[in-house]
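Protein sequences appear in the order of chains X and A.
Residue 1 is where the first sequence starts when you use my numbering, and the numbers rise one by one after that.
Residue 1 is where the second sequence starts when you use my numbering, and the numbers rise one by one after that.
The hints are simulated quantities; they were obtained by calculation from the structure and are not laboratory data.
Certain hints may be false.
[Said to hold, decoys possible] Restricting the straight-line Cα-Cα distance to at most 25 Å, the calculated cross-link-like pairs of lysine to any residue (SDA-like) are:
{"no.": "1", "chain 1": "X", "residue 1": "LYS397", "chain 2": "A", "residue 2": "THR174"}
{"no.": "2", "chain 1": "X", "residue 1": "LYS397", "chain 2": "A", "residue 2": "ARG232"}
{"no.": "3", "chain 1": "X", "residue 1": "LYS342", "chain 2": "A", "residue 2": "LEU123"}
{"no.": "4", "chain 1": "X", "residue 1": "LYS211", "chain 2": "X", "residue 2": "ASP447"}
{"no.": "5", "chain 1": "X", "residue 1": "LYS354", "chain 2": "A", "residue 2": "LEU127"}
{"no.": "6", "chain 1": "X", "residue 1": "LYS314", "chain 2": "A", "residue 2": "PRO50"}
{"no.": "7", "chain 1": "X", "residue 1": "LYS238", "chain 2": "A", "residue 2": "ARG232"}
{"no.": "8", "chain 1": "X", "residue 1": "LYS213", "chain 2": "X", "residue 2": "LYS351"}
{"no.": "9", "chain 1": "X", "residue 1": "LYS397", "chain 2": "A", "residue 2": "PHE44"}
{"no.": "10", "chain 1": "X", "residue 1": "LYS397", "chain 2": "A", "residue 2": "ALA136"}
{"no.": "11", "chain 1": "X", "residue 1": "LYS238", "chain 2": "A", "residue 2": "GLN233"}
{"no.": "12", "chain 1": "X", "residue 1": "LYS340", "chain 2": "A", "residue 2": "ASN30"}
{"no.": "13", "chain 1": "X", "residue 1": "LYS257", "chain 2": "A", "residue 2": "GLU257"}
{"no.": "14", "chain 1": "X", "residue 1": "LYS257", "chain 2": "A", "residue 2": "PHE40"}
{"no.": "15", "chain 1": "X", "residue 1": "LYS397", "chain 2": "A", "residue 2": "ARG38"}
{"no.": "16", "chain 1": "X", "residue 1": "LYS354", "chain 2": "A", "residue 2": "SER31"}
{"no.": "17", "chain 1": "X", "residue 1": "LYS354", "chain 2": "A", "residue 2": "ARG232"}
{"no.": "18", "chain 1": "X", "residue 1": "LYS94", "chain 2": "X", "residue 2": "THR144"}
{"no.": "19", "chain 1": "X", "residue 1": "LYS314", "chain 2": "A", "residue 2": "MET35"}
{"no.": "20", "chain 1": "X", "residue 1": "LYS354", "chain 2": "A", "residue 2": "PHE40"}
{"no.": "21", "chain 1": "X", "residue 1": "LYS351", "chain 2": "A", "residue 2": "SER31"}
{"no.": "22", "chain 1": "X", "residue 1": "LYS259", "chain 2": "A", "residue 2": "LEU182"}
{"no.": "23", "chain 1": "X", "residue 1": "LYS354", "chain 2": "A", "residue 2": "GLN128"}
{"no.": "24", "chain 1": "X", "residue 1": "LYS259", "chain 2": "A", "residue 2": "GLN233"}
{"no.": "25", "chain 1": "X", "residue 1": "LYS354", "chain 2": "A", "residue 2": "ASN216"}
{"no.": "26", "chain 1": "X", "residue 1": "LYS257", "chain 2": "A", "residue 2": "LEU210"}
{"no.": "27", "chain 1": "X", "residue 1": "LYS354", "chain 2": "A", "residue 2": "GLN233"}
{"no.": "28", "chain 1": "X", "residue 1": "LYS354", "chain 2": "A", "residue 2": "ALA125"}
{"no.": "29", "chain 1": "X", "residue 1": "LYS342", "chain 2": "A", "residue 2": "ASN216"}
{"no.": "30", "chain 1": "X", "residue 1": "LYS397", "chain 2": "A", "residue 2": "GLY211"}
[To be verified] A short list of chain A residues far from chain X (calculated; beta carbon distances all over 12 Å):
{"no.": "31", "residue": "PRO43"}
{"no.": "32", "residue": "LEU56"}
{"no.": "33", "residue": "LEU217"}
{"no.": "34", "residue": "ILE218"}
{"no.": "35", "residue": "VAL230"}
Note that the Cβ used here is the ideal one computed from N, Cα and C, for glycine as well.
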Amino acid sequence: MPKRVLLGLLLACGLTAPALAQEPKTGGAINAVIQPEPPGLMLAMVQNGPVQMVSGNIFEGLLRYSPKLEPQPELAESWSVSEDAKTYTFKLRKGVTWHDGKPFTAADVLFSLEMLKQTHARARNNLAQVDKVEAPDDYTVVFTLKQPFGPFLGIFEVGSMPMVPKHLYEGTDWKTNPYNNAPVGTGPFMFKEWQKGSFIRLVKNPNYYEKGKPYLDEIYWQIIPDAAARSVAYETGKVDVLPGGSVENFDVPRLSKLKDTCVTGAGWEFFSPLAWLWLNNRQGPLADKRVRQAVMYAIDRDFAKDVIWNGLGKVATGPSASTIKYYTDDVPKYPYDPAKAKALLKEAGYKGEKIRLLPLAYGETWQRWGEAVKQNLQDVGMNIETIATDVAGGNQKIGDWDYDIAFTYLYQYGDPALGVGRNYVSSAIAKGQVFNNVEGYSNPEIDKLFADGAVATPDSKRKEIYEKAQKILVEDVPVAWMLELQFPTIMRCKVKNLITTGIGVNDGFKDAWLDK
Amino acid sequence: MLRSPSGVIGLIILLLAVSVAVFGPMLFPNSPWRMVQRPFLPPFTLATVPLGTDALGRDVFAGMIFGARVSLLVGMVSTLVALVVGVPIGAMAGYFGGRVDDALMRFTEFFQTIPSFALAIVLVAILQPSIYSIVASIAVVSWPPVARLVRGEVLSLRTREYVQAAVVTGQSNTWIILREILPNTLSPVIVLASLMVATAILLESSLAFLGLGDPNLISWGYMVGAGRTVIRQAWWITVFPGVAILISVLGLNLIGEGLNDALNPRLSREGR
Numbered sequence: 001m002p003k004r005v006l007l008g009l010l011l012a013c014g015l016t017a018p019a020l021a022q023e024p025k026t027g028g029a030i031n032a033v034i035q036p037e038p039p040g041l042m043l044a045m046v047q048n049g050p051v052q053m054v055s056g057n058i059f060e061g062l063l064r065y066s067p068k069l070e071p072q073p074e075l076a077e078s079w080s081v082s083e084d085a086k087t088y089t090f091k092l093r094k095g096v097t098w099h100d101g102k103p104f105t106a107a108d109v110l111f112s113l114e115m116l117k118q119t120h121a122r123a124r125n126n127l128a129q130v131d132k133v134e135a136p137d138d139y140t141v142v143f144t145l146k147q148p149f150g151p152f153l154g155i156f157e158v159g160s161m162p163m164v165p166k167h168l169y170e171g172t173d174w175k176t177n178p179y180n181n182a183p184v185g186t187g188p189f190m191f192k193e194w195q196k197g198s199f200i201r202l203v204k205n206p207n208y209y210e211k212g213k214p215y216l217d218e219i220y221w222q223i224i225p226d227a228a229a230r231s232v233a234y235e236t237g238k239v240d241v242l243p244g245g246s247v248e249n250f251d252v253p254r255l256s257k258l259k260d261t262c263v264t265g266a267g268w269e270f271f272s273p274l275a276w277l278w279l280n281n282r283q284g285p286l287a288d289k290r291v292r293q294a295v296m297y298a299i300d301r302d303f304a305k306d307v308i309w310n311g312l313g314k315v316a317t318g319p320s321a322s323t324i325k326y327y328t329d330d331v332p333k334y335p336y337d338p339a340k341a342k343a344l345l346k347e348a349g350y351k352g353e354k355i356r357l358l359p360l361a362y363g364e365t366w367q368r369w370g371e372a373v374k375q376n377l378q379d380v381g382m383n384i385e386t387i388a389t390d391v392a393g394g395n396q397k398i399g400d401w402d403y404d405i406a407f408t409y410l411y412q413y414g415d416p417a418l419g420v421g422r423n424y425v426s427s428a429i430a431k432g433q434v435f436n437n438v439e440g441y442s443n444p445e446i447d448k449l450f451a452d453g454a455v456a457t458p459d460s461k462r463k464e465i466y467e468k469a470q471k472i473l474v475e476d477v478p479v480a481w482m483l484e485l486q487f488p489t490i491m492r493c494k495v496k497n498l499i500t501t502g503i504g505v506n507d508g509f510k511d512a513w514l515d516k
Numbered sequence: 001m002l003r004s005p006s007g008v009i010g011l012i013i014l015l016l017a018v019s020v021a022v023f024g025p026m027l028f029p030n031s032p033w034r035m036v037q038r039p040f041l042p043p044f045t046l047a048t049v050p051l052g053t054d055a056l057g058r059d060v061f062a063g064m065i066f067g068a069r070v071s072l073l074v075g076m077v078s079t080l081v082a083l084v085v086g087v088p089i090g091a092m093a094g095y096f097g098g099r100v101d102d103a104l105m106r107f108t109e110f111f112q113t114i115p116s117f118a119l120a121i122v123l124v125a126i127l128q129p130s131i132y133s134i135v136a137s138i139a140v141v142s143w144p145p146v147a148r149l150v151r152g153e154v155l156s157l158r159t160r161e162y163v164q165a166a167v168v169t170g171q172s173n174t175w176i177i178l179r180e181i182l183p184n185t186l187s188p189v190i191v192l193a194s195l196m197v198a199t200a201i202l203l204e205s206s207l208a209f210l211g212l213g214d215p216n217l218i219s220w221g222y223m224v225g226a227g228r229t230v231i232r233q234a235w236w237i238t239v240f241p242g243v244a245i246l247i248s249v250l251g252l253n254l255i256g257e258g259l260n261d262a263l264n265p266r267l268s269r270e271g272r
């Protein structure tokens, strides 16, 4: 009998606990850091990280994604896929209005797609398989594909495909449209003011279609250029939220220990940032596969994770991050083994030719990482010269293929067809760009696997194809994979429900509330 | 020179710094970039890394020793380059006067009107940070005062009787400048040069602090800059190289002062 009472009590607690703790409260303002200051806020035209972070709360996409990257309704309330996987029908939500009061309809969707094809490189790629888009009525949009495209339901995230108001942009010069400076979206927050160099202020959209949301009255995005000053701003209470990457890693442990501070690594699943070294496959010693493998063996990646990234993140095993679809760790392994690296270099006949290393000019962490990797490579006898450059200069050198080894990190967007293939297939070798196949790796087998993988059905077939591709790539080492990065979000514990989706802070303020 | 106590102190400091720069790396053959111990090891805990380790576990003491080499070398070489550029320009302007003087001095002023540190930053950024571009840019911003000083001296010297005598005897201009005039301008130039070395060390440190140092060479300024973000957790990474900069710049200033006292006849007579 007592046992049963206890059980009953436990059950009762379990059932009532959420109701007790999680009744959202309305009102209040949140101060968050935005770093660096965004170049603009018109998400359809500029998509840098900070732009997505601010504007993802002003604009909306057709779908939203859970941390497991399952599609959820946003502007589209439901969708269906035809038998042959070539026709996708979206039913739009009714009663949605733009911030200026005009209704949102299928015409806006069609216009947005046309505009994005011209202004948003990634959207253009994502839409390459689309044959035609039609709107049979005001609240239905039908996509017809040229052939089945596995990751299609993964391309409707707000940063990948933001909806743009047709009535404000149609027939205007998009680049000079005055609404670029005061963006109008359908999202839970409306743009209010931007004091350049100081802060960006968003206010609650009182006519938001989800009744009761958003809970907050205002968001202030504070612009603080110095990393140390951003930490201090949090400590002194000037800001409540430090989104991932806004403070140096050295400061994360110290800030995490502060009173009433909550830290989470969640909210980056959609992006899954993966850091690697571009290795120039075209020329010099690195054209030899054995030298590239030596690079993998020579670098102490656990040291980088534990010391440089303060234990955050995960050592990468290959071209896919472990958080995205069809990842496998059943691939050749490259543990830290300087002796093996030396042996491979000797076998390849490396004779101390100079190798240029380009670090990433994204702050102290990346600088230190460049120094550590240089030391690792010198220890096995490679003759490394670091080239100092700023971000723009580095991008130019990488785009011009004027480098031997270069640091980078890229987003993967949940599916190998969206964020992985672009870095390895030979059709993505194009001079002047920095996010494609910069290393110049060319392998017909890989080209075929990625081409097949994008359109194969069913899922199990895609899985098989991508696992094979991962094995081949890891054996060939076209680039040297370093770490799956983790950008922890640090915030006061009174900020609730900020990170609920796969893109975290970027669209999280819709559900966030303040426990006062 | 040896009579002034501050000059002697300065000289001792300089000799010490130079010997560290010359012989130190022989005693500590390990690269200062090597990660030798756990990161953020406080100073005076392990005999092998007496001044502790930095954010990557690199030996701060080794960094100080190798940094001395870069800092002093940059200071001296860039001063030398500045003298090589500044002295001839000043001498020609002062000796020939007239249009030559006008042209050369306007050219010099052109450099003087631009804030020197800003110009150095721009030059290093454009040329890409390397030891050569750093030496060059420091030299570029520090020659104008030399030229103006030499010009002033030459202006007053060229009216002296012995110079006019040389002109009358038909000596060539080059001969007169090199043999009759320049040797007599040496003392103020030497004093200026010793101070310029100090300024150059500071300039190099400031550039490295801002991340514009040669990425392949460790210098005191780089160490201060790299340790700045973690100063709250690990003061020693910035403090030791900072003290090294302070002491060597102080030493050079003391030497400059001592030289000034010794080489300026009027001052030294009053002092006695």
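Please work out if X:LYS314 and A:MET35 have their alpha carbons no farther apart than 25 Å. holds (21 Å)
Verify this label for me: A:PRO43 is non-interface relative to chain X, using a Cβ-Cβ cutoff of 12 Å. holds (18 Å)
With the threshold set at 25 Å, check whether the alpha-carbon distance from X:LYS238 to A:GLN233 stays at or below it. holds (22 Å)
Can we confirm that no CB of chain X comes within 12 Å of the CB of A:VAL230? Not fine: 5 Å to the nearest Cβ puts A:VAL230 too close to chain X.
Compare the distance between the alpha carbons of X:LYS257 and A:LEU210 with 25 Å, and conclude whether the hinted pair is satisfied. violated (30 Å)
Please work out if X:LYS257 and A:PHE40 have their alpha carbons no farther apart than 25 Å. The hint holds at about 18 Å.
Between X:LYS213 and X:LYS351, does the CA-CA distance stay at or below 25 Å? violated (65 Å)
Checking one constraint from the list: CA of X:LYS340 to CA of A:ASN30, max 25 Å. Satisfied? holds (23 Å)
Does the structure keep X:LYS342 and A:LEU123 at a Cα separation of 25 Å or less? Violated, because 39 Å separates the two Cα atoms, which is more than 25 Å.
Proposed proximity, A:SER31 with X:LYS354 (alpha carbon, max 25 Å): holds (18 Å)
When you check the alpha-carbon spacing of X:LYS397 and A:GLY211, does it fall within 25 Å? holds (19 Å)
Does X:LYS354 pair with A:ALA125 here, judged by a C-alpha cut-off of 25 Å? Between X:LYS354 and A:ALA125 the Cα gap is close to 23 Å, so the pair holds against 25 Å.
Hints 1, 2, 3, 4, 6, 8, 9, 13, 15, 17, 20, 22, 26, 27, 32, 33, 34, 35 from the list above are not met by this structure, while the remaining hints are.
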